[in-house]
Every structure is written in C-alpha cells, then in structure tokens.
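J.: In the order they appear, the protein sequences are chains D and L. The first sequence lines up with residues 123 to 160 when you count with my numbering. The second sequence lines up with residues 111 to 643 when you count with my numbering.
In case anyone wonders, no lab produced these hints; they're calculated from the structure.
A partial selection of chain L residues facing chain D, derived with a Cβ cut-off under 8 Å: (1) 287; (2) 291; (3) 295; (4) 321; (5) 332; (6) 333; (7) 355.
Quick partial rundown of chain D residues pointing at chain L, CB under 8 Å, derived from the structure: (8) 130; (9) 133; (10) 137; (11) 138; (12) 141; (13) 142; (14) 144; (15) 145; (16) 148; (17) 149; (18) 152; (19) 156; (20) 159.
Using N, Cα and C, we set each Cβ at its ideal position, and we do this for glycine too.
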Amino acid sequence: MTRDDSEQRKNIRRTALLMAAIAVAFYLGFILMGVLRA
Amino acid sequence: MTTAVADSHEAHEDHGPAKGLTRWLFTTNHKDIGTMYLIFSLVMFFVGGAMALIIRSELATPGLQFVHPEFFNQMTTVHALVMVFGAVMPAFVGLANWMIPMMIGAPDMALPRMNNWSFWILPVAFGMLISTLFMPGGAPASGWTMYPPLVLQTGDAFPFLIFSVHLMGLSSIMGAINIIVTILNMRAPDMWLLKMPMFVWTWLITAYLLIAVMPVLAGAVTMLLTDQFFGTSFFLAAGGGDPVMFQHIFWFFGHPEVYIMILPAFGVVSEIIPTFSRKPLFGHDSMVYAASCIAFLSFIVWAHHMFTVGMPLSGQLFFMFATMLIAVPTGVKIFNWVATMWRGAMTFETPMLFSLAFVFLFTIGGFSGLMLAVAPADIQYHDTYFVVAHFHYVLVPGSIFALMAGAYYWLPKWTGHMYNETAGKWHFWLSTIFVNLTFFPMHFLGLAGMPRRIPDYSTQFTDFNTMASVGAIGFGVSQLIFVYVLLTAKKGAHATDRVWEAPRGLEWTVPSPAPYHTFDTPPKLRVAQESFE
Numbered sequence: 123m124t125r126d127d128s129e130q131r132k133n134i135r136r137t138a139l140l141m142a143a144i145a146v147a148f149y150l151g152f153i154l155m156g157v158l159r160a
Numbered sequence: 111m112t113t114a115v116a117d118s119h120e121a122h123e124d125h126g127p128a129k130g131l132t133r134w135l136f137t138t139n140h141k142d143i144g145t146m147y148l149i150f151s152l153v154m155f156f157v158g159g160a161m162a163l164i165i166r167s168e169l170a171t172p173g174l175q176f177v178h179p180e181f182f183n184q185m186t187t188v189h190a191l192v193m194v195f196g197a198v199m200p201a202f203v204g205l206a207n208w209m210i211p212m213m214i215g216a217p218d219m220a221l222p223r224m225n226n227w228s229f230w231i232l233p234v235a236f237g238m239l240i241s242t243l244f245m246p247g248g249a250p251a252s253g254w255t256m257y258p259p260l261v262l263q264t265g266d267a268f269p270f271l272i273f274s275v276h277l278m279g280l281s282s283i284m285g286a287i288n289i290i291v292t293i294l295n296m297r298a299p300d301m302w303l304l305k306m307p308m309f310v311w312t313w314l315i316t317a318y319l320l321i322a323v324m325p326v327l328a329g330a331v332t333m334l335l336t337d338q339f340f341g342t343s344f345f346l347a348a349g350g351g352d353p354v355m356f357q358h359i360f361w362f363f364g365h366p367e368v369y370i371m372i373l374p375a376f377g378v379v380s381e382i383i384p385t386f387s388r389k390p391l392f393g394h395d396s397m398v399y400a401a402s403c404i405a406f407l408s409f410i411v412w413a414h415h416m417f418t419v420g421m422p423l424s425g426q427l428f429f430m431f432a433t434m435l436i437a438v439p440t441g442v443k444i445f446n447w448v449a450t451m452w453r454g455a456m457t458f459e460t461p462m463l464f465s466l467a468f469v470f471l472f473t474i475g476g477f478s479g480l481m482l483a484v485a486p487a488d489i490q491y492h493d494t495y496f497v498v499a500h501f502h503y504v505l506v507p508g509s510i511f512a513l514m515a516g517a518y519y520w521l522p523k524w525t526g527h528m529y530n531e532t533a534g535k536w537h538f539w540l541s542t543i544f545v546n547l548t549f550f551p552m553h554f555l556g557l558a559g560m561p562r563r564i565p566d567y568s569t570q571f572t573d574f575n576t577m578a579s580v581g582a583i584g585f586g587v588s589q590l591i592f593v594y595v596l597l598t599a600k601k602g603a604h605a606t607d608r609v610w611e612a613p614r615g616l617e618w619t620v621p622s623p624a625p626y627h628t629f630d631t632p633p634k635l636r637v638a639q640e641s642f643e
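If we strip away everything but chain L, and leave its shape as in the complex, we get (with noise of 0.2 Å):
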C-alpha cells in the first residue's frame, strides 16, 4: 500500500494521460476517476430515470395500462437503488475526487489504486443489478428497504442482489477511506482544519459516515443471505429470528445514509452562494458545526422510519425529539445561506439558480420530514405519497439540484470553457417547474391516503397522479438540455483561471482547464487568499 501512496505521483510527474482505453482503465488520476465517476453516475441517472418514467406511465391514469404489478415492484425497487447508490453517491464522490485534492492542494488522493479500484467495483455491481430485470422471477422487488421476509422470496436475482450489495459498499467505503486519509494527511501546510472549505468539511463528515454505516448495511445483507442459504435464522420468526431486527439494522444504516446524500449537497451549496453574492460564506465554523451535529443525531434517530411496528412510548418520544433537533442544525445552515446572500451583490447565473432553488426547496422537504417526526401524525402518513413526496423533495431538488449546481459551476474549471448559459437556464427552470409539478401534488394523495408501491388505484387520486406523471416526463425530458450542454462544453469562450468574478479557494489558482497533475509542490493557502483580496 505504501507503494502505491506516492510512487504513482512520481512516475507521472512528467507525462500526461495515457493514450486509448489504458488511460480509463488503469488510471490513478484523481482527475480521470472524478470524471469517470461522474459519467457513470450521469448513466445511472437516466437508467433510474428511466424506471421512474415506467412507474410514472403505468400511475397516469387508474388501472393497469402497460405493466404487470410484479414488474411495477422491480421498477420501484431497482429506481431507488440505481438513484441512491448508482446516480447520487457516486456523483458526489465524482465530485469529492475531483475537487478535494484541487481544494486542499494536494497532489492527488493518498490511495491512488486504491480509488481506482472504487471506481471500477461499481460498474460490475450495477451491471450484476441491472441483469436480474432478465433473470427467472424478475428483479428484486422488495424495495429498496430489502425487509425479510418478502425479500427472501426474491427469485435467483436474490444473491445477486446481495452481492451487488456487497460490492457497493465495498466501493463507498473504499472511496471514504481515501477521502479521510487525504484530507487528514495532504492538506497544504498553513491549511488548518477549520480553514478547510466547506465542501471538504462536508466530505469529511460524509467519510466518517460512510466507514460507520456501509459495513451495517453489509452485516444486514450478509444475515440475508445466510438466512436464505445457509439454515440461519436472523430475521425469520418460524425459526425464532425477528424480521424487526431488521428493521432497526437497516434503518440504522438507511437514516445517516440519507445525511449521505444530502451533507455533501450542503458543502457544494455552501461553495457557490458565497461566488455568486460576493461575500464570505458567514459562519464558517457554526456551519462545520452544524454539519458535524447533524451527522451524531443522525445516528440516533433511526426509529422514527418504523413509528407502525410499535415500539414503547418512550421510545417514541426519544426518537421523536431527537428527529425534530435536527431542524436546529439544519436551521443554522439555511440561516447561515441566507446571511450570506444579504445585502450581497448578488447575481443569478445557473449554479446560484440551482442553489437557490436548493436552499427554498430542501427546505419544502425538511418541513415535510418535521411533520414526519410526529410520531401520531406518522402513523397516518406511513407509507403513503406523503412520504414519498417527503424524501424526493431532500433528493431531487435537493441533492440532484446541488450535483447541477456543482456541474455548472466547476465544469469551466474542468474543461476550460464556459458552458452554454442559456442553455443551462433553460434546464434549471424547466427542473424546476416540473420538480414541483410531479412532486408537489403526492403530498395532497398522501394525505388524501394513497398508499405507496401499488400499480393502481381509486380513482379519486387521478387528477394529482396525472399533474405527478406529465411533470415526471417534463422533468427527465428537461434532463437532455444538461446532456446538450456537457455535450457542447468545450465549444463556449475560454474559461479564466478563476472562472468566476469572485470564487475563493486553492482550486481556482490553477489554470482552466486543470492540468493533468496539479500541486506537485504543495501551495501557501495564504499567498492564495492575498490573491482573492
């Protein structure tokens, strides 16, 4: 391993890329597996897309139009996997790889092969996912959640499934060990801790994450797979397991999961609105604590995903309260944007247009989560749209918006060219119409008491369910209009080095686009900051 640390950087000191497939397949440039991570994440996108337009089609109108009902379980099931460990993850460890090392002036990650093989794990383990769509019995189609015993009677796409599990979180671990030990061990000298920039901060935060609960989700899927093959009895009653056990393992790991996706966000978020408001982000280190006391709590709330399977009162109460205090961080952050905006000289390209509808709509879906955290409310909102209206508003406008915020906003510095402005604003306002468009009206069908995961249903939700689908196909039609600005990125005027009026931070020193290899020799942060002033 030591080999590997920094001999790579050496031997490459003085060349560029390789030359053809080599340069993809072996490379341990942080640069080359950022950008690979981002265009696999991208297919992952429209592949989940995809899945959701099917689920979309067939709840248009009421009754079965072009699925069977079991293939509508695989759809919903394999979307939410594909979406949150082939799309969102990846893309912001795509982003992690490509800014980390730029922002912290290191040459490059500390595990250079090591981060290599992160990348190249997860194409095996979606395409061992994506084969089950064809295998005897269909794809899994328990949800994403993978509850015993209904995941048990998953047909052979059963250890597929587990071992695509497997391999997922092999990856993220991986990756977030590499992103620990760079940043604990490469920053540039005079870069203390809390002069890290947000983003890194966030990363950092989402690492430690990561070590703690991917092995859980490892652990839970493992006593699966023994109890389907090996006699064990984890998780069946017949034999004396607990299918609740279950529950807990995985929420366990399914509720920081979520401060997975969505922490990262926050540090992208937290790099724009101060570029385009020309002020320093305000509260920099409440932020990096508020992000910190997010990532604890989001350990110990775990049972509020399980209100219905009864639990004693004080444990309601604990998981109640504990839920609703992440508002208070949360709160910080949001007040901490907004401060940073006022009485700023603010303008509106796209990535501070993504931001911002960012920062109004996350918000939409951490109000909805608050009401969620009442558990007597929750009993009635459980598993209904309401919830699924809940948790699309943190991933879609939330999460999604902020990887689009960051795409715009670093891929001038990626490429060396601006990108197509009013291109990029007709893809952010289209998102943003039909984001809410599709999404908005499930809360109405969750509180009116439609249920989740059905193919059908009465037909006093047809009107909202139609509004949700013709969004649903505005939204992933909108999605092109990215596609066609990455497509002409590199056609646009020439990009500065610092890309931006006023962004701060070591990565916008370097020239556009980023060289091959960068702070060889590591930087002064503060010579940097005098450059900004």
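Okay, chain D solo, but in the shape it has when bound (with noise of 0.2 Å):
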C-alpha cells in the first residue's frame, strides 16, 4: 500500500463519514423539530 493509497482511504472514510453524519442531523433535526413543536 503506496502512501498515496492510504491517504484516499483516509479521505474515503472521511467524506463517508460526514455525509452520514448530515444524514443523521437532518433525521433527528426534524424529529426535534416536531417534539419542540408538540
């Protein structure tokens, strides 16, 4: 594994990983939305 591979892999997983974590902010942003509401 070159140093090239392990620094896509690093930026791989960190691109993933934020995208997941907007994904969980907006299901549970809404969800709050709607308790705060309620």
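Hints given; two lone chains; assemble the complex.
T.: As structure tokens, this is what we get:
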C-alpha cells in the first residue's frame, strides 16, 4: 500500500463519515423539530 | 470500513467474477451491482405497470367493473411507491453504478461492500411492501404521500409500510454516500470537477439531495409510527398535534425527490445528444450551474404542493414565485440541448430518439408545472387529473424515457454487441404514441374537474378516460419490445470500443463489453480526449 493509497482511504472514510453525519442530523433534526412543536 | 474500501480491489485484480449465485449475493463489483439494480428496477417497472393497468382498466368506462374501491386505492398507493422508489430511483442508481466509475477513471465505487448492502436491502424492502397486499386490511391505501390521519387507518400493513420506507431510505442514503465519496475521491488525476461529464455532475448533485431529504422522510414516517404505537401526537389533532405539519415535512422531502428523479435524466440526455449531434455539449459549465440552481431551489418550493391547506398571502407569493424561478435554470438546460443540436450532423438512433422525445415531452410537463405554480389557479387544479397529467409527463416521458435512452446508449458497452435497432425504434415510436394517448387527455379531464384517486366518475368524462386506458394498455404492451431487445442483446453484431461514431469520455476507451475490472491504473484524461479529436 503506497502513501497515496493510504491518503485516499483516509479521505474516503472522512467524506463518508461526514455525509453520514449530515444524514443523521437531518433525521434527528426533523424529529426534534416535531418534539419541540408538540 | 477502511478495509472494505480498497482491499477488495486488490483481492480481485487477477480474476473474473465468482461462479453461480454467490457472484450476485456477495459481489462488490460496481458492474455486477449496477446490473442487479437495473434488472430489479425493470422488474419493479412491470410490477408497478401491472398496477397501473388495473387502475386504467377500472377507469376505462364509468361504473365499478373489476375491483373494489378500497383495492383501487391500494393500487394507486402501491403503484406510486413501487414506481418512485422501486423503478425510477434504483434504475438511475444502476446507471450510476455502471457508468460513474468508468466515466471518472476509477476502478470501482469507493465503498464496494456498502454498495452490495445498498442493493440487497431493496428486494427486502419491496418484498415487505408488496406482501402487504395479502395482509388483513390489505395494502396501504392512503396515497404515496401517507398523509395522517388517513394513513393511520391502515390495517396490519401499517408497520410494514413504515419499515419498508425506512429501508428504501437507508438504501438510497447509503448509495448516495457511496456516489459522493467515489466522485470526490477517486477521479482520474487530471479530471477537475468542471471537467467531469454531465451525468457524473448531475448524479453528484442528486446524491447531495438524497443525503439531505431521505432522512427527512425517515423522520416523518418515524413520527407516524410513534403516533400509531407509542402514544405520541406529532400529527394527531386530538392530542394537540398538527396533521398539516406532516404535509410540510413530507413535501420538504417530496419536492427535492422530484429532482432526484429528473436530474440524472438530464445527465443521461446531456451525454446522448452531443454524441448523436457530433458536437460537444453546448455550455457544459452553465449546465452544471443550472443543475445546482435547480437543486437549491427545490428546497424552497415545497408548499406549492399544499396551497389549498391555507397559508398566509406572503407564503403563497413566496412559494409561487420561487417555483416559477425554477423555469429559468431548466430553460437554460433546454436551450443548451437545442444549441448542441443546432447545425450538428444529427442521426436518429434509438437513444437519440428517446432523448429528443424527452426534451419535447418533459417540457410539456414543465409547462403544466408552471400552471400549477400559480397559487389561485392551483386551487382549481388541485387534486384533479391535471396534476396526474403533469407529474406523469415529468416522470414517464421524462425520467423513464431518459432511462430507456441511457439503456440503449450504453447497452453495447455492457454486452459487447449492438442491440436490435429496428426493435428499438418500434419500442420508441409505440411508447411515444401511447404515452401521449395515455396522459395528454388527462389534462382535459383535470380541467373539466375530474378528481384524482377515484374508481368511478361521471359519464361526461368517459371518452378521455377510455382513450387514456387504451393508451396505457398500448404503452404497457410496447414495453415488452424492450424485454425482447434485452433478451436478444447478445445476438447483434460485435460492438467496437467506441460503439458510436462520436462519443466522448473515458468509458469509451475501454473494450466492449467492459472488462470485469477497469482502470486499475488511473487513466490520463488528456490522452483520452486527444484520441477523440
């Protein structure tokens, strides 16, 4: 595994986790909005 | 996850696909997964189509002929869910899986094991949804919008509906993450973002939309679930909740969903028209900006779906004008496609015919959308067949024609053989005639006041309904020609690497059929581009 591969893996993991976090934030955010309005 | 990223490539570099069922169950190859998505979506297209034919058979003449009204409502609901989440979306994901890695010079998707999961969740989700047809109380019958309190009257099927929608959302989100990660991290070294093909660009934007709105749908249906089983009152007026809030949340998802189904279609057509016009795409960068504008605007127009629930005048004005604004970037796209064709050496193979029909017929759907954007007019059109005509023009000769165009365009690259062009042209012409016969009369029905989602109607609506039903049956039968084309796809002449006379892009530099593993070494984009000059 070259240094470039390792860097690419790190970037892939970072981007994937960021996108997953955004998705979870939208999911929980809208439920929270419902809770606060109720 | 890191291990899943690249080890699978290293492990598979020196051999082809596994044998038998395990190849399909455990594959991490983007081409295999793309193929599975495309076959799955075609099956769902026929399942949803069969439901559409039940609906149209019932509506062919006034009176109740074939089905109970309750079952009719189940058909309208499940038809929509199957077509949106089971046919159109997975078909575009299938195209993305097949083509994006090859278009950007990547060896595979960035997260191949998650890619396998994304696909295999879908048959479970749709098996669950379709199984509700056989449950006590039948399938969900509240419309695909699942508005409370009506949806809460669903029988035993309710939790299955909610769980299947969750699974569909999970699959879409995982697929979207994979696409974003792949495009941002695995492009060929000299492929800058603005050098990416339009299909890749439109999918990148679509994937962002998916990440933002599928969790919103999941949140909304989670709240429905807790309202039904855990004593909450998010949407129950009796408990202090607000059913209209569900509509707001649903359409915050639902309107971008429309663009999730049409932006990749724009991408497909933007690949095909230049090839058969023998000119580069006119205004590539402006197409990118237009798609981005459309995606942004799609987040701020949701309430045009619910003008009739009542809202302040300022709200009506905002949503009306924001909706109309979408016509501007969409117009940029239509202009650029026409400008690409202008003085081009055009030929009219099947992919080009479907793309041309897309431009004309999608524009009809766009214009009726503009009419619906006008708040006072919408109050008249709301819940009539005019709305049914509008969104079917966007989705059938829009999304589905683009999918057909893409399938014919890339089929020789997938199979290594030219498809039957005569059968393809029959498929195109019959589809185009019958799609218009089905959906154009619905405009008149809607303007005359025929409501949606009814199994029976007054006799003055008979003629146009009969026309629509004949068109629907003709359209359904025409799609069997496509199945014939697929079944005979490997019997045609051998395809060259470039397949067509003037395609551009890295995917045309690999042999036909595309080898199981491509671009193990990143390609040089500049070298590929020079070969196309």
